[in-house]
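A.B. asks: Assembly of the complex is requested from the two constituent chains, each provided in isolation within its own frame, with the hints serving as guidance.
If you're matching them up, the sequences are chains Y and D in order.
Those letters in the first sequence? Residues 1 to 370, per this note's numbering, in order.
Those letters in the second sequence? Residues 1 to 648, per this note's numbering, in order.
What the hints contain is simulated information worked out from the structure, not anything from laboratory work.
Treat the hints with care, since some could be wrong.
As the list claims (entries may be wrong) - So the derived list for chain D, only partly shown, Cβ under 10 angstroms to chain Y, looks like this:
(1) Ser139
(2) Asp200
(3) Phe319
(4) Gly325
(5) Met327
(6) Leu345
(7) Leu374
(8) Tyr377
(9) Gln383
(10) Thr472
(11) Leu642
Said to hold, decoys possible - Here are some of the chain D residues that sit facing chain Y, going by a computed Cβ distance under 8 angstroms:
(12) Pro265
(13) Gln450
(14) Phe506
Beta carbons are placed, not taken as given, at the ideal position from N, Cα and C, and that holds for glycine.
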Amino acid sequence: MPTKEEKTVSILKTITLRAALVCATALGLVAAPVFAQDFSGKNIEWTIPFGVGGGTDVWARFFAPQFSKSLPGNPNVVVLNVPGGGSITGANQFAARAGSDGLEVLGTSASTQFPAILGDPRVRYDYAKWTAVLASPTGGVVYVSPQYGVTGPADIEALRTAEIRFAAQSATGLEMPVLLAFEMLGLNIRPVFGMESRGAGRLAFERGEAGIDFQTTPAYLSSVAPLVEAGKAVPLFALGVVSADGSVSRDPSFPDLPTFVEFFEQATGAAPEGQSYEAWQSLMLAGFSLQKMMVLPRDVPADIIAAYGAAAQAIVDAPDFRERAGEELGVYVQLVGAEADAALTKALQIDPAVREYLVNWLREEFDVSL
Amino acid sequence: MLDAALLALGHVFTGHHIAFLVVGVLIGLIVGILPGLGGIAGMSILLPFLYGMDPTSALGMLIGMVAVIPTGDTFTSVMMGIPGSSASQATVLDGFPLAKKGEAARALSAAFASSLLGGVIGALVLSVAIVMARPLVLSFSSAELFMLTLFGLSMVAVLSGRSLAKGMAAAGLGLIIGIVGTAPATGEPRMTLGIDYLYDGIPLVVVAMGLFAIPEIIDLLKRGAAISETTGLGGGWGKGLRDVLRHPWLVTRCAGLGCVIGALPGLGGAVVDWIAYSHAVQTSRDRSQFGKGDIRGVIAPESANNACQGGALVPTLLFGVPGSGSMAVFLGGMVLLGIQPGITLVETRLDLTYTIIWSLALANIVGAGLCVLLARYVARLTQIPFVYLAPFMIMITMFAAYQATRSIADLVALIVMGAVGLYMRRFGWPRPALLIGFVLAPGAENYLYQAVQFYDWGWIWRPGVLIIAGITAASVVLGLRYGSEISSEGHTDPAAAATRPRQFAFAALFLSAAVACIATALGLSFLGQVFPLTVGLLAAGGALWVLTHLYGSHASAVHDDDAALALEGRWSGRELYLSVFIGVVLGIWMIGFLGAMALFLPAFLIIAGKASPIRAAILTASALAFIYSITTAMSLRLPEGLIVTAFG
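So that you can see chain D by itself, here it is in the shape it has in the complex (with noise of 0.2 angstroms):
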């Protein structure tokens, strides 16, 4: 083994190999930072040069590629509030607030060293799990799994900050949004409205960007102002260096978790940044900066969702099943390169496979560096008036969310998705529970039809199942005890309980989804039927206890951003915003992408940002340049627009 894993060490440190592996996470880098592109893009645009390389060279530039989009989404995440890929969800709960703080700077270099030693941390576990972690792996059943997905729906009660309540219909929400499209079990559509495009369900970078990036946009355009309150960049990316060496035990922590959650095949990359934050709140002595720019709350994510790919390599290695989604790709490319894997391949080449393992070492060393000495100037993008940003922003977002299935219906996903995410946040209401429930419900009603079927009601006596049902409990008991000192969503303003009506009136629409999802179930055949009916219940029963808090005007639940304005009789004017970016998918509808960007940016920066028209043109015109040599270089699409295809 170790002659084998020093042979493959020389492979890595030729400067062939370096070469690819630098190449390949330059890649990763860009498809990261851009949100709603992941594996797939990055694979086109390197899928033509692996052929005829040499596949140490080639698995280089892949390996390069695949490691460090959790990396690159880091950007996005601390520098606009947008999750870059679903890996850095969390990262955007305490990194965006501190960007507005003024510590974009050291938000970033935190991340990026603990992103670097979260994936040291990751090879190194898996060079020495690869060749003992059959047995580990296998032991992992779908009732295990069943059980994991309870454990990340648990983390609700860490991330629900001040009402529980709230936490839990949220998630009940999440839960039902996850449902929409066909029972996996029996194939019956379910909560689809008769719509094509919900057979297939919500995608998630629809979810995770309707909720948190299109809020996040109309509160800075309403508060017209740049992102960063303060001027200049606070401490810098010294300070966030040190932030991390101060918590060397939280990164080494995450990144063992990241490490196991992404070894399971079947869990996915998504919830392991949830888990990781909620395990920092939890074990934590002051909590009360948890959601308002506490550091932790963004080394906790970013060190395990860089261990995570290294986990996820186990899977993928021993038994040729992709661990997560980026390795699905990584998995294509190594068949495409001749190379099978599985356990002969961990067996026989055992210095291809650590090959494999250094080059993931070394790219998440070299990606890190990379963003480390760019942190500070991109940065500065925070001191921009926000009014200049946010055309692009949007534009992005559009972007991002058509590529999840090329149908316009993304948009419309996006920005109803949005409409639920901007009343969330105005209204207190956790959205990470909201994702949460999203992001687990298909794992959680396929792996408990599976094992049910697999092992009848026995399943719940395995042991594997009753030790993480103990880490359930524990975990529920912590969070409840700990939890509400973390709050997302702002404090209460005195002036809230004179909102209370429209309040209710929105914790109602969460009642009226559950009722609906209840109503669904019953239609069902039994199979079909015993997974939401479940789910509609527990969201049923969130939303009336939200429901009996307002009534009782409990503080806890009590919650309006906009109560003081109201009350004055004036207008925060989020609707306004929110029926712009109506208009811009109307526009994308019937005259395609570029035509209504190139109509829309302009308008905006005149209008609202009072640019001057030289300036709007030339910032459209490299905007759309931008746009389009992306979208043709990584072989995208761009919606066309019903007057193209009328005509076309």
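With the rest of the complex left out, here is chain Y (with noise of 0.2 angstroms):
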């Protein structure tokens, strides 16, 4: 088969080309000073602190050969996984190795944002002297087991009086916000941690092990949809989507459910308030508005920034970029350049008697001392 054979030395050879071409990056680099917004011939990497084929690495994956077509050069954007520690390891390492020529970058999410946000001891990276050039939002769907005859906000009082188990994986990981929203509510829930990914949590649900569950807004769609068309679970209410301000509005992808907000309201007669709410806001703007984050040390020169901007700016507006984000980035609007850092400032900026709200809580509901 001569074809197949061809195929194979093509191939072989272009990884083979790519290899010289890392060998003679190698030695340019050595050679000539780094020419600001070009970045041909170069190597970018972009550390994901988290393993291959999660959420997070599969957003960095989808967008590394685009920013590798759009910035200027078309340089080499490699992907570079470092897992451990909930993300912490790895944004802590790129925080002590990071240099200022623009040719290291980091992929961050929820996991690395609330540990920061609440003073984690092990957190040695600061966002502050990060700039963020690209945000992707997400949102997501709280769900019970149709056992406990709940369809709406109306039957709130039929769910409180239930113990009902939530498998989530920490206390502090990207189920915080939902915890706190569980709370608010003053429902009995009884969190069962130490699972392995949300999708180990569903298996659970699925299981009938678990009686509530919350799934980000790519997972809802694709395993949960199909659950709840069965009848085998009861969308409550999506997170909904917070912005800047503190305003919640509807999940554009979810337009017909409520936002926690409005299930709160409906179901207590009075909109929440309070540190908790100002906690759950902050929570949810760190962690879901801006739920993975592409950033740069802030000593890389304005113009490199300006250059991952612009190239971020291109790939969000190239008409078919929809129909390639698919379900994995949803309908939702992709924050670039200046627009993304305020909101990374923003989002960063909590108050502390919040923190001190936050840490408290952990510490009395769920034993976490940090």
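C.D. replies: Written out as structure tokens, the structure reads:
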């Protein structure tokens, strides 16, 4: 079969070529100074503090070749996975190592942002020293098992009387605003921590071990929507989209579902308020409104940061972007350039009183000491 | 279902699809052969090509890669005694002794033939199971998964060799090493000694290579011959094929085991080879050759680990929850291609589902076929004087260990585990028992904790739990009756009794690890302490049992490979080689990987191997070029060294 061999040879050749190119790059780096705004022949290393195949990894691998195409000089954008410590390890490593030449970037997620907000002692990175060039929001839906006979906010009392198990990864992870929402609603939720992923949590729900669950938008659309159709799950509310000013609007992926705030109002007759609500808004802003971010060290020259911003803009503006992004990125508006950076700055300005509240709440409710 | 399957078969056999599948297979084999590299490295090569490809070809390429990683890793396991990946750990036990006997080609071809059959059986089971496996997978809750980890631990009874006491103590130490890190329930740090590196636990690759590769390299260096003790390749590859054909039921049973274990999300492929190996021991009449080069000890794990990939596709495709590490990679690739795994995929895109399944079967056939063709030639490596191979194996081992977390601490941990493995080997302790304990520790604790949270103590009476408990009990009984006949750790030397004091000292180390674990546990909150306390007590019990056996000069416990030498007042030189390893790590730390290797390789070749400077220079240059090109092509990293970091 000549075609088969030809194909093999041609691909192997490409790989060798790539290897040769990388060698040449390494030599070139030593020889010539970095020319601003031209990355030709350069390697850009995109650190992803998670393993291969997870949400943030897939997100980065979707964007990486497009940055390759859109950045001036078409550099080779390589994803470098550094898993461990719930993303703290990789982010720490990036904070310690990344230079100011714009050739190293980091991808972060809610599990990188939350520990930074809470002042986790393991965190050695500082978002104030980073600037965001791209931020991808996401949303999520909370749903329950039909066994409780609950269909909406009017049935809140029925929901409150049962002790319901919730399979979660950790108290300080992605589920944190969801746990806070449960508490504000006065539900009797017993979280079971230690799930390997949200997917494992969903399996626990499907097995009937957990009575309530939460999934982010892509996972909800692909795996929970069929359960809802089959009558095996009842959606309660979407978390909603929190803007920088703290206002909450309906999730464009779920226009028919009430937001958490609407659900709360209908269930209790009053709008949510107080420190717990402020904390919830802060967490939503930092973990969902900008769930995944591409950041660079702030001391990278402004023209290089601008080049990244322009590249992100070009990617997002491409006519077929929505179609290719599919369910993974959903219908959310991607923030790019200065807009993303402003949102990042805003999101991480958390009131010390709110932080104090969260730290106390974690200690009292879940015995987590920070 | 049938028409979808046939339609998919048509897709798979188009020239285009097969071409990409073969590319995937070739990359998967390379990744499998290099120890420590898994799906991540393979993925980073394939990804740039995925964009713009049509989904069936791209899926073929991904499946081709993922499917043959447990085929390629057999080369490393058999030829070098280094587990190529976690799926081929048990293959080392009999595969490497076969290579030493000059039967490497036989072991390899038997391994590849059983990989092929296992993989195809896995794909066949998958093609039937995929449409009805949903209730089965859903019936395995945390409670059943916890019982399965106990079932895995019960394999220690078979793998302990002559001394069950040593097996228990070793498994206990494995469990203790396995709990290093943060408690899954409470996030409290345990046994981390305040070292950042230990917060995430020690990576499996590092533990497995430390336990198996380093002691083997040192042992071979000490003997100063080639790996193979005889010249010529023995029966060759035809004999290996006939071996497999003589054991059709073993292949089928182990493939079945592999499918089922692979299909359960969470348990992972890291124990499937041990379970299959133990099963082969339990069901064989003549067990005297296990651990010394019994071909069945190669056939069983190799049929299971490829079938496991078929099983692991069940939860991956049905629920979008990866059934193994390489399936996580595959899952990521699917999402990138715009294919959302889940029940919708299986129900509405059955043709695509079957394309994946047929590709899996075909990739196994192509991969094993290529390996069988290569086996004879690769086996010749065992004829080369080991002193020429050793420095390259040391380089590969360190390269692989560093890829685990890209920290220099990986290399330190490798050396520490290497020292543990070295003395375990010398004093006749079963290393597989330690590894099983280590692999199962996090799962056992997590699932127990979850089961108690979800069901309170009622989980014990779930029917699934009772069934697995029954199987476990039967397996322990069988293991105790028959396990004592296998041993990978050599015979007792009559002189061994004379060196009892040092054996005592080594066993006491196990006891002190257990005491340290208990002490740590007592300082933790209730949920964080239950498991380490149990494990610590178990390990302490095992260690005390060994100590009483040693005190009473019990034949099963007394063992020292170097006893005769020691009595003559001579020295085997193990510590010398170990210190060479330490020196290499220090060199890497200071001047980086490439720099340290550029010094170490020629120095070793010239001083120990008596090679001419020109030859040493050529070998060094090609080795460095190889590592450098692998590193760049797969976007990996090499340690840079303090000096480079300080001035860079």
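A.B. asks: Please check whether Leu345/D passes as an interface residue: C-beta within 10 angstroms of a C-beta belonging to chain Y.
C.D. replies: Leu345/D check passes; min Cβ-Cβ to chain Y is 8 angstroms, inside 10 angstroms.
A.B. asks: Measuring from the C-beta of Thr472/D to each C-beta in chain Y, is the shortest one below 10 angstroms?
C.D. replies: violated (22 angstroms)
A.B. asks: Does Gln450/D meet its interface restraint, that is, does its C-beta lie within less than 8 angstroms of any C-beta in chain Y?
C.D. replies: At 6 angstroms from the nearest chain Y Cβ, Gln450/D passes the 8 angstroms test, so the hint holds.
A.B. asks: Would you settle whether the hint for Asp200/D is holds or violated, based on the nearest Cβ-Cβ distance to chain Y being less than 10 angstroms?
C.D. replies: holds (4 angstroms)
A.B. asks: Take the shortest C-beta to C-beta distance between Tyr377/D and chain Y; is it under 10 angstroms?
C.D. replies: Status violated, d = 19 angstroms.
A.B. asks: Under 10 angstroms is the threshold here; is the Cβ of Met327/D close enough to any Cβ of chain Y for the hint to stand?
C.D. replies: holds (8 angstroms)
A.B. asks: Against chain Y, run the beta carbon of Leu642/D and see if the smallest gap drops under 10 angstroms.
C.D. replies: violated (14 angstroms)
A.B. asks: Under 10 angstroms is the threshold here; is the Cβ of Phe319/D close enough to any Cβ of chain Y for the hint to stand?
C.D. replies: Since the shortest Cβ distance to chain Y is 6 angstroms, the answer is holds.
A.B. asks: Hey, does the Ser139/D contact hint survive, CB to chain Y under 10 angstroms?
C.D. replies: Where the cut-off is 10 angstroms and the nearest Cβ of chain Y is about 8 angstroms from Ser139/D, the hint holds.
A.B. asks: Report holds or violated for the interface hint on Phe506/D, using the least CB-CB distance to chain Y and a cut-off of 8 angstroms.
C.D. replies: violated (32 angstroms)
A.B. asks: Can we keep the Gly325/D interface hint, with Cβ of chain Y closer than 10 angstroms?
C.D. replies: holds (9 angstroms)
A.B. asks: Is the hint on Leu374/D kept, meaning its closest Cβ partner in chain Y is under 10 angstroms away?
C.D. replies: violated (16 angstroms)
The structure shown violates the earlier hints numbered 7, 8, 9, 10, 11 and 14.
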